[in-house]
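J.: Residues per chain are reported as follows:
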Amino acid sequence: MIAGKRILGAAVSAMLMGSVSAYADTIKVGIIGPFSGPFALQGKNFQAGVEAYMALNGKSVKGHDIEIIYRDLPAANPAQSRALAQELVVKEKVQYLGGVYFTPDAMAITPLLSQANTPLVIFNAATSAIVNTSPLVVRTSFTTAQTTNPLGKIAFNEGVKKAITVVSDYGPGVDAENAFRKAFEAAGGQVVEAVRMPMNTTDFSPIMQRVRDSGATGLFAFLPSGPPTLGFVKAFNETGLKKAGIKFYAPGDLTQESDLPALGEAAEGLKTSFHYSVAHDSPENKKFVEAAVKAIGSADQLSFPAVGAYDGMHVIYKMIEATDGKQDAKKAVDAVRGLSWTSPRGPVRIEPETRHITQNIYLREVAKDADGKYINKEIQTFPDQKDPGLATQ
Amino acid sequence: MQTILSIAIDALAFGMVLFIICIGLSLTMGLMRVVNLAHGAFAMIAGYIASYAARDLGLGYAASIFLAIIGTIVISIPLERFLYRRIYGSPELTQVLMTIGLTFCVIGITNYFMGPTLKIIPLPEALSQPLDVGFRTIAAHRLFVIACGAAVAGGLWYLIERTTFGIKLRATVDNAAMSDALGVRTQVVYAISFAIAIGLAALGGVVGAEFLPIEPYYALRYMVTFLVVVSVGGAGSIPGALIACLVLGFVDTTGRYLMPDFGNFFFYAAVILIVCLFPRGFLGRAQ
Amino acid sequence: MSDLFRVENLSKSFGGLAVSRNISLSMPEGERLALIGPNGAGKTTFVNLVTGQLRPSAGRVLLNGGDVTQLGAVRRVRKGLVRTFQVTRLFSDLTPEEHVTLTVLQREGKATRILSRFRGNTHVADEVHGILGTLGLHEVARRKVGQIAYGQQRLLEIAIALALKPKVLLLDEPAAGVPSADTPRIEQALERLPPSLAVLMIEHDMDLVFRFARRVVVLAAGEVIFEGGPSEVAADPKVREAYLGNYAHARSVA
Amino acid sequence: MPAASLDVRNLSAGYGPTLVLEDVSFSVPAGARLSILGRNGMGKTTLLSTLMGMNRRYGGEILVGGKDLSPLKSSERARRGIGLVPQTRDIFRSLTVEENLIVGIKDRPRNVIQEAYDMFPRLHERRNNLGWQLSGGEQQMLSTARTILGRPAVLLLDEPLEGLAPVICEELMEAFTLLASSGEMTILLVEQRLESALDFAETVLILERGRIVWQGASEALRADPGLVEHYIGVGSLH
Amino acid sequence: MHIMAQAGTVSAMPDAKSHLWRDAAGIALISACGAAGYWLFPDNLALLTRIVAVALLVLSIDLVVGYCGVATLGQAALFGAGAYAAGIACVNGVTEPMTLIAIGAIAGAAAGLLMGGVMLRAHGLAQLVLSIAIVQLFHEAANKASAYTGGSDGLAGLMVSPLFGLFEFDLWGRTAYLMGLVLLLLVFIALKFVVASPFGMLCRGIKQDPVRIRAMGAFVFPVLLKMFVISGAVAGTGGALAAVSTQVVGLDSVSFELSANALVMLVLGGLGTLYGALIGTVIFMGFEHVVSAFNPFHWMTMVGALLIAVVLAAPGGLTSLVGKVAASRQGKP
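Protein chains in written order, with UniProt numbering: chain A, 1 to 393; chain B, 1 to 287; chain C, 1 to 254; chain D, 1 to 238; chain E, 1 to 333.
FYI, nobody ran anything at the bench for these hints, they're computed from the structure. Just so we're clear, the structure is a prediction, and the values are computed from it rather than from any experiment. Some clues are possibly wrong.
[Unchecked claim] Partial pick of chain A residues on the chain E-facing surface, computed with a CB cut under 8 angstroms:
no. : residue
1   : 36
2   : 71
3   : 75
4   : 77
5   : 79
6   : 82
7   : 103
8   : 115
9   : 116
10  : 133
[Unchecked claim] Lysine-lysine pairs mimicking BS3-like chemistry, simulated, CA-CA at most 27 angstroms apart:
no. : chain 1 : residue 1 : chain 2 : residue 2
11  : E       : 207       : E       : 324
12  : E       : 207       : C       : 110
13  : A       : 326       : A       : 28
14  : E       : 207       : C       : 165
15  : C       : 79        : E       : 207
16  : A       : 182       : E       : 144
[Said to hold, decoys possible] Selected chain D positions facing chain C (Cβ under 8 angstroms, derived; list incomplete):
no. : residue
17  : 39
18  : 136
19  : 192
From the three backbone atoms N, C-alpha and C, an ideal C-beta is built for every residue, glycine too.
With the hints as extra help, turn the sequences into a complete structure.
T.: Printed below as a string of structure tokens:
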């Protein structure tokens, strides 16, 4: 009876594990992202970044083949996130976890990491505190505070004394509001009103009316990238705020490249701060864009999550190199503390302490390039920006 | 005062977009007793067709709208014949299951063929300009949408209240068995009504694209809003739907202006209040 | 002795159309009363008014001397005023046994219990089988109602009513739609009703009415046009007119 | 459409598990009048609605002018010549009088509704009132006029006089007689009032518990009060 | 009692004892499936635990939809109430897992009382809309009260003590799964008793014809409200299980989407049998898991196709298919 069970168990586990890991030396990397549903485009960018990196740097490290396993997590859902991560670790035997678009999903995974002996490289989730929840987390994206921070000063220097902040009412929105207020008031300005809009807002005219009534001369806005940004920018123009000369600042989520064809001339001249522009002028970026566009299929769809994934893969490759294929999460993470390299976005470094990426933040302006296509044109660089959200903790 | 006027005109525009899209759903739910959760999917399909027509075929705005409406109706015909006819008269939850399944399929297929990015339908020059109306500037497009909504309301009113078809339709809704006994081909009436409902969804999807941008997830994203609006108005009633859209549009808009932090509270509290006060919707037909 | 059940000047109109006018009647214990009248005379409306499904525009309903006009349908049932339905209202996927058990449990105030088994109580089961047996339903006791014959469904309607131990029973066309072969079973069931029960029956089958009733009330156009013994009813000119000739008292109300 | 003959053969029908009509057969020649008698609940209404196709038919055929209409839906039967004025009148409560009439005209031009106004001037007075605002008599006029406007070859009238004031009854019966004598329609009348029924039709059919128990000339029935008592009356005491 | 019956109809007469046997067999089958899941998919226990938690939610919907005929698209409000109550209690120092589950159940029941109190004022479509409005308000409230709930970032950092002081909630999720499975079985058995009680029968009656129930002398509203409370307790248990096993609570647990998905699972499985709820959940989530792993990008089409196929093939849900097969077997001697 017991023997029978064992045989059954062995047969089943052999079936489940597949034939690969038994003899070939393949290192598996599990990537969790929104590959379907409302955020499918961002997930697609994850995939494009990963594939671009592997196309440019080979599919093996030190003779170890890399295999990527994608798992779909269409919307923020921590329970499912945890289930997927656990399945990737336990069943698929991945040595590295990557991806993760939403903060709560990352929060659900981090408690597993030390037991799983698996590092998690976050390609996007942008709340500062994630890296504090486990020493095995490394982040190659950005935090909202990091990208927002320079805008306070820029706004004040451009003559805005009174500003209104308008953000989507959820974690990153609140982070952005706080970061801007802090920087703006430190520079000497005054935030006259702070508006938090429900996530599902589709008509922004009443908000714009409120902006107008507030008497502010500058508007700071944060909306997650996606369909509503279009309505927001259009409402800004159509209600005459643009004409009235009110200055509009936002982190780059608002003008992600994949939305620009739709935003079009409505967004022209809009100034945003961000860590990456697809139009960044560097040889590294040219190579990256070419490879990533090939992977994603259309130049219009390429956007910032791809570079997070691309650099995330760089970190994972370095980790594999350091551990030589052995599963040792601590060693892997230690190997990338302080790692610096030239990313498509510019020079970057993994802070040894926080394991968050330090990078340039650019002020960009939506403009037409030589082909008449709208791009985020970099006009000013703020080098070596750490995450101010973490600095304060 | 200016602010009130200003809010009112925004509320009107937003309400009209909801109205154009939802009135079709209201007709299918109230007149044909089909809870068609895939209604938004048809609006989305129309948006894609219009975007393709305008951007890739270079057609004008009006031609794109026309093509989108026709195209969506053409797509809906086989669906009506092979899927919807199976669920006429089924329990509501079975209808929900089927139409959600259909919505998933439409989303998946759209994502596959059209990609996940936003699609825009370029507006003609005349509509894309901000217009100064004295106390504020307003996008000409918003006035166009209001006009469309009014035209739809008026056109439908005329169709349903004044034409023989409308009289037959109302008779069928009032008492289908008796209409049949008087020689009204109720199946044909239903098929035409379904096509009209889909056509209106298509029109709403296209002219409302400035408010509800076209992307694959559109079909699910606004499903709840549509369902709520229709129920509040009372399924099957044109004036009911109009009142619901304007009232909810107004509550939503002013709520977002006055207390943006609690915008959703306002909206859903209003919904609960209205539903408790008018359990059949503002002007609903008795079940 | 005061009447067990009494209706005083009951009236009801829908949007200007009077469907019941000034109906008064009373029933002592053990009464067997038949209410007849042509279609549209307002018989079912009368039952609905008496049992609380409809609110009267005017008038009173008294049970055991107490005014129940303001009570809802449920409370009237609990006071012993019970009806059957003209078109059977049964739960198609439950069995007759389940119907009657539920009713008995309800009567005993045990129907909302969660921590007891539906079939756990033997004395309830005995009573249920007693009732089903009286009505000749024991053969189909455990078949789903949707699968039993219509005549048996009508009998089940009566069984449910009896399980409530009513004081006053209103039977709304107990034999309607029942194939003629099955009518004797219904008649038998009616004969066996508890003697103290006051029964008001609406029925079109005159044979049944004449065999059952000791008193007949005829309703036409919402008002009582005759009240008396069965032997007199056929002879009454107004009744004959209502049924056979041009009933001239009928009128419409705009 | 001129009047057509009606032949009903072995018709059985009912609701759900209940058989209400069993094996009913009869014929009415084109342009003739037939009264159907029987006490309440004996299947008269079911017979008419089964002819119209509004009920489940378990078996049998319905021939109008020799053509079998039984496989058709009621809308097609209506278009091929059957018209019903139901006992419950079934006017469209949310439609105006005029709109109710428009539904009935089938594909004829709208101005033919004048025919209905000629028949019942009262309807003209109330043409803009909604259905539910009408009195019982007006509803009956409307229901009747609505069906007649469709020019049925076979007209089925289900207790048209029920609950109506005598004046209106007279008016209606006059209208029916006029219609019948014009020979444009074959008319079946279900009526509880014996006198009216016998006056109206030359032949009579009595239904009891879903079956035809008597069929014959009106005069024969009139001559036999016992028969009347037995089948229709309040009843002799057994 | 002696039943005179023809041979052919005996099998159509369920007996009290055969009911019990059938339920015992059903519960044994569920336990066996649960155990088989544990042995066959030792690496997917987190998914299986999630299925168990959602199955509790779907069961709770079955109570109100399948047994009472009250349509709801807002049941996640009760699930989320349980999840957040357990989560907040845990963050504030209550770490014993069974206590947390109990807290979740109580919170769910309280939310059920509130929701029932509002929803039962309306009928049909209006009722459905009320349920949507309520779940949206719960969602909004959870988002706003970020000090307690963590808002959109989720309530993280739940440190749950080992179960009975012995079994850790670890990476492999064995403890969580087995605890969830036992909970599910207990709840299922309890619900079998509930639906087999006079109260359960009364609910089934109300679903079919409230007028008849009133004519039997029973009030309708308090009965339905009571079922809402029970349903809330079940949903709250599911929510608390999700919170304990994942150690994080997200806004998705009070979302319309979760409610709608759960309702879809129930309709897929079939209403009003309790088994349908389990079958629907397992089939839907299992299918979704397999196709989304197979093709993370376009699996939605396949799920949609599954739903359409089920409506076309088995409009009464998958359990009705079992009934049909059984009936056709019986038809053939």
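J.: Each hint: holds or not?
T.: Right, here's what the structure says about each hint:
| no. | hint | in the structure |
| --- | --- | --- |
| 1 | 36 | holds, 5 angstroms |
| 2 | 71 | holds, 6 angstroms |
| 3 | 75 | holds, 7 angstroms |
| 4 | 77 | holds, 4 angstroms |
| 5 | 79 | holds, 5 angstroms |
| 6 | 82 | holds, 4 angstroms |
| 7 | 103 | holds, 5 angstroms |
| 8 | 115 | holds, 4 angstroms |
| 9 | 116 | holds, 5 angstroms |
| 10 | 133 | holds, 7 angstroms |
| 11 | E:207 / E:324 | holds, 23 angstroms |
| 12 | E:207 / C:110 | holds, 19 angstroms |
| 13 | A:326 / A:28 | holds, 12 angstroms |
| 14 | E:207 / C:165 | holds, 25 angstroms |
| 15 | C:79 / E:207 | holds, 25 angstroms |
| 16 | A:182 / E:144 | holds, 22 angstroms |
| 17 | 39 | holds, 6 angstroms |
| 18 | 136 | holds, 4 angstroms |
| 19 | 192 | holds, 6 angstroms |
The structure shown violates none of the earlier numbered hints.
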